[in-house]
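**Q** Based on the hints, put chains B, C and D in the right spot on chain A.
There are 4 protein chains.
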Amino acid sequence: MKIPGTMRAAVLTARNEIQIKQVNVPVPGPGEVLLKVAACAVCSTDISLMDKPGPGQPDFGEFIPGHEYSGTIAAVGEAVDEVKIGDRVAVEVHYGCGRCLNCRNGNYTSCLNWGETEKGHRANGMTAPGGFAEYVVNHISTVYKIPDNVGFDEASLITNLGCVLYGFELTGGYIVGDTVAVIGEGPLGLLSAQVAKILGADTVWLAGLDDYRMGIAKELGIDRIIDVKPEDIVSLLKKSFNTGVDLAVEASGSEPGMAAAFRIPKWTGKVLLLGIPSGEVSLDMHEFARGNKYLYTVRGEGRTNCRRAVSLLKNGRINLKSLISHKFGLGDIEKALTVHKTNGNNSIKVIVNP
Amino acid sequence: MKIPGTMRAAVLTARNEIQIKQVNVPVPGPGEVLLKVAACAVCSTDISLMDKPGPGQPDFGEFIPGHEYSGTIAAVGEAVDEVKIGDRVAVEVHYGCGRCLNCRNGNYTSCLNWGETEKGHRANGMTAPGGFAEYVVNHISTVYKIPDNVGFDEASLITNLGCVLYGFELTGGYIVGDTVAVIGEGPLGLLSAQVAKILGADTVWLAGLDDYRMGIAKELGIDRIIDVKPEDIVSLLKKSFNTGVDLAVEASGSEPGMAAAFRIPKWTGKVLLLGIPSGEVSLDMHEFARGNKYLYTVRGEGRTNCRRAVSLLKNGRINLKSLISHKFGLGDIEKALTVHKTNGNNSIKVIVNP
Amino acid sequence: MKIPGTMRAAVLTARNEIQIKQVNVPVPGPGEVLLKVAACAVCSTDISLMDKPGPGQPDFGEFIPGHEYSGTIAAVGEAVDEVKIGDRVAVEVHYGCGRCLNCRNGNYTSCLNWGETEKGHRANGMTAPGGFAEYVVNHISTVYKIPDNVGFDEASLITNLGCVLYGFELTGGYIVGDTVAVIGEGPLGLLSAQVAKILGADTVWLAGLDDYRMGIAKELGIDRIIDVKPEDIVSLLKKSFNTGVDLAVEASGSEPGMAAAFRIPKWTGKVLLLGIPSGEVSLDMHEFARGNKYLYTVRGEGRTNCRRAVSLLKNGRINLKSLISHKFGLGDIEKALTVHKTNGNNSIKVIVNP
Amino acid sequence: MKIPGTMRAAVLTARNEIQIKQVNVPVPGPGEVLLKVAACAVCSTDISLMDKPGPGQPDFGEFIPGHEYSGTIAAVGEAVDEVKIGDRVAVEVHYGCGRCLNCRNGNYTSCLNWGETEKGHRANGMTAPGGFAEYVVNHISTVYKIPDNVGFDEASLITNLGCVLYGFELTGGYIVGDTVAVIGEGPLGLLSAQVAKILGADTVWLAGLDDYRMGIAKELGIDRIIDVKPEDIVSLLKKSFNTGVDLAVEASGSEPGMAAAFRIPKWTGKVLLLGIPSGEVSLDMHEFARGNKYLYTVRGEGRTNCRRAVSLLKNGRINLKSLISHKFGLGDIEKALTVHKTNGNNSIKVIVNP
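Chains as they are written, first to last, in my numbering: chain A, 1 to 354; chain B, 1001 to 1354; chain C, 2001 to 2354; chain D, 3001 to 3354.
With the rest of the complex left out, here is chain A (with noise of 0.2 Å):
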């Protein structure tokens, strides 16, 4: 394969201003390899980090944005064996320090030196140029190779899928046979509401807002699909499970999404919180603790939970491709960021194919 001296990028100029730029393609090191990009989705993360950039995150005019993406091995650093030039490969986000004791101990999505690269933590589209260019370098631990049935564009939401299955795994992740609620019809919540069946949850509803996507849930078969414009979740939940559900997943970030989801579970019962609420939320604390109930929070696609993803993918066990409302070039992408923001035209997850 061969590899250009240069490349285009979309760069992060200014607040909130991108621009498709004309930039070296990196070199991979030991434990590197370069991913040719085939595919990167947009997440709200991406449109948060150009609003306001985060810890570690490189200076305008050099941070490349975009973390879900997929490719091909373009070349590979020294040591690397994993892989070989021309394997096709989805990614994860997070490379932690590897020394603090949240990676040591397997949890590197949290890793205590978030944004110190000189440490070895790296984080691609985040603290490490990502996944809107031509290429980018990853970290060999952060790549999992896919198989010829799984297609670049799905593969790039093999992060998404990789931070709910987290987020199961976290509350247990031994659900057959239990009732579950999602909250929220966002591609998290429709994630996890397909998650849910896989492992054999019982019944599983999904209570949202949005007409569109809640006609994607339906046709993902969720047992049942609740419009929280005319109905409210709770009652309609204690009356059909008159002891609340074993989970309720919170995947809409908003403070009624989280309220209900405190309400929901049965005694014993379970909340994951996959939605990050902006700032203060109001809870019913009395009837949570007074219910024994847990709660759950994730941060990234942890513990190889990317690889789960992909075998499900592999397997034919979970569908992606209805999550793709849309699909822009690289040349494209402010265009793509825009669909996403106002979440109009029925959007769910937007690609950008560089």
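You may find that some hints are simply not true.
Said to hold, decoys possible - Beta-carbon label-pair distances, calculated as ranges:
# : chain 1 : residue 1 : chain 2 : residue 2 : range
1 : B       : K1052     : C       : G2056     : 42 to 50 Å
2 : A       : E118      : B       : H1286     : 40 to 48 Å
3 : D       : K3084     : B       : R1317     : 53 to 61 Å
4 : B       : R1317     : A       : D332      : 38 to 46 Å
5 : D       : L3209     : B       : Q1019     : 52 to 60 Å
What the hints assert, rightly or not - Far from chain A, some chain C residues (derived; all Cβ distances over 10 Å):
#  : residue
6  : K2002
7  : Q2022
8  : S2240
9  : G2275
10 : Y2294
11 : G2302
12 : N2315
Claimed, not checked - EDC-like mimics (lysine to aspartate or glutamate), calculated; alpha carbons at most 20 Å apart, straight line:
#  : chain 1 : residue 1 : chain 2 : residue 2
13 : C       : K2084     : B       : E1116
14 : C       : K2314     : D       : D3223
15 : C       : K2238     : D       : E3082
16 : D       : K3052     : B       : D1148
17 : B       : K1052     : D       : E3082
18 : C       : K2239     : D       : E3082
19 : B       : K1084     : C       : E2118
20 : D       : K3314     : C       : D2223
21 : A       : K238      : B       : E1287
22 : B       : K1239     : A       : E82
23 : D       : K3238     : C       : E2082
24 : A       : K84       : D       : E3116
25 : B       : K1238     : A       : E82
26 : D       : K3239     : C       : E2082
27 : D       : K3239     : C       : D2059
28 : D       : K3084     : A       : E118
29 : A       : K239      : B       : E1082
30 : B       : K1084     : C       : E2116
It should be emphasised that the hints constitute simulated quantities derived from the structure, not laboratory data.
No experiment lies behind these values; they were computed from the predicted model shown.
Cβ coordinates follow ideal geometry from the N, Cα and C atoms, glycine included.
**A** Structure of chains B, C and D alone, referenced to chain A:
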């Protein structure tokens, strides 16, 4: 539902001697229900208890074996509102004493007051009358409603499936994307392989001896079937998964099966022992210990996994019908036991319909 | 032991109205024992149930409160051989129904048939007669023998300690070398700080308001006591443990306490909620979610942690005596309740000796 | 701190042949530190690696053994701010590759790239130079600061204690009020018995052969010491704990020890295997399987348990001094190895001070 005063039941009159007798229909006490038995499957434990009575087993002339059954609620005792007459139900075997430390902590299948009926312990078909009869009394906590789409014959295998599920739960229960090797092609092996697939395993291998059963395994969609007559499972697995499998399920109860199960997990991998060896087994503990591996054993269908089993069956996620190879009337119970014992005639599970 | 026909008992005759009455001594049924009560501690739940009866609570004129007690076995019902007359015992509150999913799985303090006595549920001093009386009947599964070196007054605090231990168990229970911050200097706070030390925590901080209780904390050897009147626990902790603590225990039940508890754990750290907030609490869920943190709540002294509590007391590992600030006779129960309510006179735990 | 160009080191020049040689002082790379070794304890693994080199072990003439050591930071490589020159430190052995699935998930002592130094794996004293030398280089992630109140000799046993703690963590780690039986009176047995007490076990028994070591156990306050020469541990335990112990720790590495460990746990009890049997062991798997028991094995001092070990030592919770029976200079390393091998002269741990 009209309940007669007496019923036909298979009574263990002497060692290895079963007779069909006319006995009184039992009356459910507080918290109990009377089942009209529709189907009761034969289990190797039945054979073993007829040969050598277990602790707490009723005397010869009084003991009615059979612990894998399903039926219809014919009467309910005091303070029972969970089910009503006419409900179709599956059962679990174990009703612990509710007062020993194991029961208090949810490990009721390992009740420390096993067989002490005056303290409350009861295991139908083991320390209390079982299901090879027209009627049987169960405690309400051991009864699970089944929907109309579930047949009684399948439902009698719920204890088998509950036992396998309990085993997977004990090992962690979250195996999405993992590799699993099942050793043994009997009912527990065939169920384990299916459960591994349901829970999202990446690849499931099954090793066995019997051609008929391995044919069933193939129909069930198990990824690879290994005939251990010509092939060596350990070397085959090592070749395919160079670091070993994530989980080995031993369901053969044989010494070579267990020895193999100990060898094939990767470092930090697990062994789940579903088959119960008859005594001493010689095992390579050096490699097992150096590999940081874990061993889990299972007693019964604990932690309400029968509830989970019913859910899988209800939702069409598991195939139990393929495991039913023979059916007999209660009058032919000796034939049923013989088919099971000799394991001949392409048998897997043998059902008695009283 | 001669048992009289009647006894003195503190009966809730109307809302917030306690009267000492002469009532019949109860008779233990099968699996039950009669205790001669030696000591019964006042708990905030008592105060609350007198003000606003809970589900399943006996009617005014019949209800005897008190759920933290100890005493001597005065009589045993049928089928009880675990204790004998004269044995000294501590108790736990909750005897679940034994048939709901939570009870079957060992979560009997969150029994889903709470208050349904006909189904078997019983919580002494809540849904059944309690310990502010000369005698009380307990199910044998809620009774723990105490050795001679343990006093009755201390033993009445076993439920408190059992509750704290259950909380630590729920969070994982393995905290050797970890940093723990306890918020709240009440009985549960003082016990939590001790338990954290016992379990091997590296450093234990306790934050509180009351000078007397914080003096006790100092005597108990807690590493650092923070007076939250002049000091800000969050900024102090951040200064000392720059990544945050491993475990925050909220035992104040206050909104500021809980808000602080949510802020201080490190990424992947945990919050254990022992104090029960009275309603809605506003919490910074943004930081909590981004920090991959977990929240655990506790209901009662579950999973037989009273057994563990008795062991710590027996082995001299925990100091419960320092928590006993006041003692009254049964005739003075109103004084006892008042001292507890007003929280004055340097009170911590108030004991009634019937 | 002035660092010389060369140093004295114990080099494995041939099978079972150690020579003190003058070699170059190593230079720490990025993320690494140079230790001036103060104490290095002899371990049976050292003896074994001298006899039969392990995977990844440097060639004869190059390999410096010794993996249990402590010392002072003499130099720091690039990007190290966790420690500074002059800091006193203990170490752990294992620095995993950081890229295999086991390392990513926190199981770095079971690194699947064991011995592949080019991929990043390093285990000092096994696949990299060790501590029987004046200086040694460690990766910063394997270094733990020790306070002034901790002596270097004790600190060299941190890896031993970390290994035992890791074992307890793997079995759940919450054993307050439980019964524990330790089989084996060597260093790991003596540490296990102490750790069980620290974690709040109700009763701890230790079974052994050697009078001197059992005397130490008595001084350490272990509840009961069983001399297995005249006594049978299994029957004694069954007599005292009729249902069996909650946890059996096998630390003898012997076949009878392991056979006993498998017999003594109660139903649902656990076995922790710290001793590594030399090969095949014949075990009563029938009783083990019917008892719903679990087996855990340990590889190294995983999951940063050395951090926990240092904390116990710092806080005076554990006695490591009593385990140090002999001390030698580096020049006398052969004597040190001989004392360890022959296990004579009332030896427990033998320390070399370079």
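**Q** Check each numbered hint against the structure and report the violated ones by number, ascending.
**A** Checked against the structure, the hints that fail are numbers 9, 10, 11, 16, 17, 21, 27, while the rest are satisfied.
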